[in-house]
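Start from chain A and add chain B with the ligands according to the hints.
2 protein chains.
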Amino acid sequence: ALLLVTSAKAQSDPLPSWNDTAPKAAIVSFVEKVTKEGSPDFVPEPERIAVFDNDGTLWVEHPMYTQLAFALDRVKAEAAAHPEWKDKQPFKAVLEGDMKALAAAGEKGLVELIMETHADMTHDEFQKVVSEWIATARDPKFNKPYTELVYQPMLELLAYLRANGFKTFIVSGGGIEFVRPWAEQVYGVPPEQVVGSSIKTQFQMRDGTPTLFRLPQVNFIDDKAGKPVGINAHIGRRPIAAFGNSDGDLEMLQWTTMTGGSVRFGMLIHHTDADREYAYDRKSEFGRLDKALDAAAINNWTVVDMKADWKEIFLEK
Amino acid sequence: ALLLVTSAKAQSDPLPSWNDTAPKAAIVSFVEKVTKEGSPDFVPEPERIAVFDNDGTLWVEHPMYTQLAFALDRVKAEAAAHPEWKDKQPFKAVLEGDMKALAAAGEKGLVELIMETHADMTHDEFQKVVSEWIATARDPKFNKPYTELVYQPMLELLAYLRANGFKTFIVSGGGIEFVRPWAEQVYGVPPEQVVGSSIKTQFQMRDGTPTLFRLPQVNFIDDKAGKPVGINAHIGRRPIAAFGNSDGDLEMLQWTTMTGGSVRFGMLIHHTDADREYAYDRKSEFGRLDKALDAAAINNWTVVDMKADWKEIFLEK
Ligand SMILES: [Ca+2]
Ligand SMILES: [Ca+2]
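Chains A and B, in that order, are what the protein sequence lines are. Here the first sequence is numbered in my numbering, starting from 1 and rising by one per residue. Here the second sequence is numbered in my numbering, starting from 318 and rising by one per residue.
Chain A extracted, bound-state conformation (with noise of 0.2 Å):
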């Protein structure tokens, strides 16, 4: 429904959320430039490769990142069936809400929350519980299913390039098979073009029924310098545009960008509005935005003010 909304409104002005500020601008000159035939900075189609991060890029990623939600929502979930975890960190923070502990289990704690969540089941029951979760989890402060918390100006920036014969991917940091049972319906983007990290699968014939079934181990971290390589991995060309908001997203913005000569476009949206959404950057926990954000001053990335630049957030409906 989303996504015909835009395409409504994009008949005058495919941008409409977007205020008509130097982002705005920058977009367009740089789609009608790879567009126009005969132009020396023509790109064809085939080429015309866009890639986004998804967290605090696409959809929100605060109070934490949501795939962080459903991983402690699914413990709560599962602690019946494991009366161990009530002395067992990093569980018992989840279970008690002891976020202070939580953040003390660090990286080690968290891929152990991963793994006994996300791990251990086919790859068909994984799909079913996150569709299931998404379909019915509420974000804390709006109060609204996280597919509705998507970024309305970034939905039209989807369409628009898609609508000028590009192909859109998800690059996230997030799990590959986290955000594929619903970026279709919600993005526009279907399975095949999302990238993301993962854990290992494993194929295996259960009551002769072929099977993949998900191991407790990670097999790839799609995040910081991993980006390209999953842009390469699954893709295989390299991209002319790329939209992140955090230090997560350097690697990326410079595989895309620094090319030395062809036209590119690397943009960041910077979390500025604390009343419409949030506002942080190099010093939040959740989407640090530092490193990333003095780089787009050399290499002339455009930076998104959302406060001043956005002209609505979210769809309302």
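What the hints contain is simulated information worked out from the structure, not anything from laboratory work. Here a beta-carbon is modelled for each residue, glycine too, at the ideal position from N, C-alpha and C. There's no promise every hint is true.
Per the computed footprint, the stretches of chain B lying under chain A, defined by three or more beta-carbons under 8 Å from a beta-carbon of chain A, are [to be verified]:
| no. | region |
| --- | --- |
| 1 | 505–519 |
| 2 | 548–559 |
Heads up, simulated DSS-like pairs for lysine-lysine below, C-alpha to C-alpha not over 27 Å straight-line [as the list claims (entries may be wrong)]:
| no. | chain 1 | residue 1 | chain 2 | residue 2 |
| --- | --- | --- | --- | --- |
| 3 | B | Lys409 | A | Lys200 |
| 4 | B | Lys624 | A | Lys200 |
| 5 | B | Lys393 | B | Lys409 |
| 6 | A | Lys108 | B | Lys517 |
Quick look at chain B with the ligands alone, frame taken from chain A:
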């Protein structure tokens, strides 16, 4: 050029290089079923995913896999810079053309050859080496470029499926970066629709330039039970049609077709034509077809008898 010829012919008969035998009828019947709106077997376009093995399914794989011929040529080309290879297996065997000693080096020797010829360079460098080799190397039996030794009936099949709303993917046991540089031109399959085996790559800033560097470490083997894993990692949907030719495709065909319900299509190319190409199956070193041939009978997969079912094998240029 190949694809243009195919499209022109397709207006009357989409599969002119196929004889009017059972396999052609099975393909057409499957495609008509899944594309007929309102039919119980109808499959929406985004779900029309077809996967194709490469070696022996889309192009010739005898007297050896083309990528192995590439690796042997690379050893010869680089031998001057590696005087130590004269006395070191498996390189010695390659330089002396001693295929028996090379076979004796086994899989371990093969991996060594691949690492030595496929790694320790940037992604761009490797793409260049592959592109130059594929443009000039010639197959020993037909004395033609390898990219002309693609099966005309399969090119027609790829085009026919795409004309019917299918997205076509290559799922090769060979190296993903060995196939990508020419797959779009030869098969009409873009790089983002190629799945294959890979070595690890690493993002590096080199003199201020972002670079992907190929490390001499296996990342993923896209063969046998790896094929469903690779398909899920890249595509994220279960295919509705799979095309292969050897035991390496067994699990891919199982994963595609054994879903208990909706209409699926599995096909194996059986090399039966020693005059026009090669004849081999259960005992072949390259492209062994044994377990999968038995499984075809049980699972109702269509087996193409190359000699009987293909009117032409290669397009005469
Ligand atoms: Ca982010
Ligand atoms: Ca094969």
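Starting from B/Lys393, check that the Cα of B/Lys409 is at most 27 Å away, please.
10 Å, holds
Please work out if B/Lys624 and A/Lys200 have their alpha carbons no farther apart than 27 Å.
41 Å, violated
Between the region 505–519 of chain B and chain A, are there enough contacts, at least three residues with CB-CB distance under 8 Å, for the coverage claim to hold?
holds (count 8)
Does B/Lys409 pair with A/Lys200 here, judged by a C-alpha cut-off of 27 Å?
37 Å, violated
Just to make sure I understand the rule, a stretch counts as covered if three or more of its residues have a C-beta closer than 8 Å to a C-beta of the chain. Does the region 548–559 of chain B meet that for chain A?
holds (count 6)
Decide if the proposed pair is consistent with the structure: A/Lys108 and B/Lys517, CA atoms, cutoff 27 Å inclusive.
24 Å, holds
The structure shown violates the earlier hints numbered 3, 4.
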